[in-house]
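Chain D is already provided as a structure; the job is to place chain S on it using the hints.
There are 2 protein chains.
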Amino acid sequence: MTPEPLNRLIAQLARLPGIGEKTAQRLAFYILRAPPQYARDLSQALQEVVEKVRLCARCFSLTDQELCGFCLDARRDDRILCVVEGLADLMAVERTREFKGRYHVLHGVLSPLEGVGPDQLRIKELLARLEPGRVEEVIVATNPDVEGEATALYLTRLLKPMGLKVTRIAQGVPMGGDLEYADQATLARALSARREL
Amino acid sequence: MTPEPLNRLIAQLARLPGIGEKTAQRLAFYILRAPPQYARDLSQALQEVVEKVRLCARCFSLTDQELCGFCLDARRDDRILCVVEGLADLMAVERTREFKGRYHVLHGVLSPLEGVGPDQLRIKELLARLEPGRVEEVIVATNPDVEGEATALYLTRLLKPMGLKVTRIAQGVPMGGDLEYADQATLARALSARREL
Chain D
1 MTPEPLNRLI AQLARLPGIG EKTAQRLAFY ILRAPPQYAR DLSQALQEVV
51 EKVRLCARCF SLTDQELCGF CLDARRDDRI LCVVEGLADL MAVERTREFK
101 GRYHVLHGVL SPLEGVGPDQ LRIKELLARL EPGRVEEVIV ATNPDVEGEA
151 TALYLTRLLK PMGLKVTRIA QGVPMGGDLE YADQATLARA LSARREL
Chain S
1 MTPEPLNRLI AQLARLPGIG EKTAQRLAFY ILRAPPQYAR DLSQALQEVV
51 EKVRLCARCF SLTDQELCGF CLDARRDDRI LCVVEGLADL MAVERTREFK
101 GRYHVLHGVL SPLEGVGPDQ LRIKELLARL EPGRVEEVIV ATNPDVEGEA
151 TALYLTRLLK PMGLKVTRIA QGVPMGGDLE YADQATLARA LSARREL
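Protein chains in written order, with this note's numbering: chain D, 1 to 197; chain S, 1 to 197.
Just chain D, with the same shape it has in the complex:
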């Protein structure tokens, strides 16, 4: 009974992750009630993003040129490289404002069960970037879960023999957290990786 263009919009919105049929309907109603310019702006932004945004030829983050802003920025430190699983992880690292080196985005993690091996990730391209004498340290910032740890181990075995310093982001109790509510694995890791003050 609802008009066909509305059904189509709801169906397309419902394909987004975390957006079910009901949320898609609510969003579509919002779009209809908003000034029509909003739908036009969003429509335009969608088209431009797929036309113009692509992966950086060096680090595989996003760019609308050949190389991304992180790779082109002369103020960033070439000697230190942070390897992340995905784009959202890169953004999270960047938000800390603690890291001023370069990035490399793997676009996934090793996951034999899902058929993801080293060839499906940007590992060959990572090795090609590591010219001797330029990069000194590689920070492996994959997620602290089973696949992320396995990927970190795999990268360490590849990179150490190349004479690089390979480091892993620290694992322990999160800031502002409560020991009482920390899970066993996290607290065990926090104990074994304790630091002298």
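Just to be clear, a hint being listed does not mean it is correct.
Heads up, the list lumps identical chains together, so a pair's fine if it works in one copy or across two of them.
When the alpha-carbon atoms are kept at most 35 angstroms apart in a straight line, the in silico DSBU-like pairs for lysine-lysine are as follows [as the list claims (entries may be wrong)]:
| no. | residue 1 | residue 2 |
| --- | --- | --- |
| 1 | Lys160 | Lys52 |
| 2 | Lys100 | Lys52 |
| 3 | Lys52 | Lys22 |
| 4 | Lys22 | Lys165 |
| 5 | Lys165 | Lys100 |
| 6 | Lys124 | Lys22 |
| 7 | Lys22 | Lys100 |
| 8 | Lys124 | Lys160 |
| 9 | Lys52 | Lys124 |
| 10 | Lys165 | Lys124 |
No wet-lab data here; the hints were simulated from the structure.
Relative to the frame of chain D, chain S by itself:
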């Protein structure tokens, strides 16, 4: 550091209700990873919805013609009219498959605090539809909250003198609910509106 077209898409997505900056970023990354046809389809759907979908000239639900499917459907009962606040409420009533009459969408509720009076709602248009002898019953299905109740009362005072049967959707404990967890107001209403078996 992120490419401008991506920032624009994130900003547009973050204007949607219930979508914050982080969710907008996650959706934008999903759109970029999906086959480009998806972004084009969604873009197209957005444009079409604002170009083609408008309010039905009779009941003010949505349509891409002059009148909507509910108003045009000859199998629906002209003698009974269901008045709802908004489009999502109409959909909710329709999903029950219990109602086969016509609809009227007010597009809001009376709310003096927010400056919404009878003239801001589709009440004049409702009165104009109620030709004597055609409609017999008006079901007032506004929400069971303060504004919805006030609107129901207002409509009752307008419609009763016109010789119409005005009814209100029942209020009580929800199906599958638990008396222990029902709020006082709901349980009090369920008691006072008890039915003989």
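Okay, the hints, checked on the actual structure:
1. Lys160 / Lys52: Neither: 37 angstroms inside a chain and 61 angstroms across chains, both beyond 35 angstroms.
2. Lys100 / Lys52: within (26 angstroms within a copy, 50 angstroms between copies)
3. Lys52 / Lys22: The answer is both: 32 angstroms in one copy and 22 angstroms across copies each meet 35 angstroms.
4. Lys22 / Lys165: between (50 angstroms within a copy, 33 angstroms between copies)
5. Lys165 / Lys100: Within one copy, since 17 angstroms is at most 35 angstroms while 73 angstroms is not.
6. Lys124 / Lys22: Answer is between; shortest inter-copy Cα gap is 31 angstroms, intra-copy 43 angstroms.
7. Lys22 / Lys100: between (43 angstroms within a copy, 22 angstroms between copies)
8. Lys124 / Lys160: This pair counts as within: shortest intra-copy Cα distance 15 angstroms, inter-copy 78 angstroms.
9. Lys52 / Lys124: Only inside one copy: lysine 52 and lysine 124 sit 25 angstroms apart there, 50 angstroms across copies, limit 35 angstroms.
10. Lys165 / Lys124: within (18 angstroms within a copy, 76 angstroms between copies)
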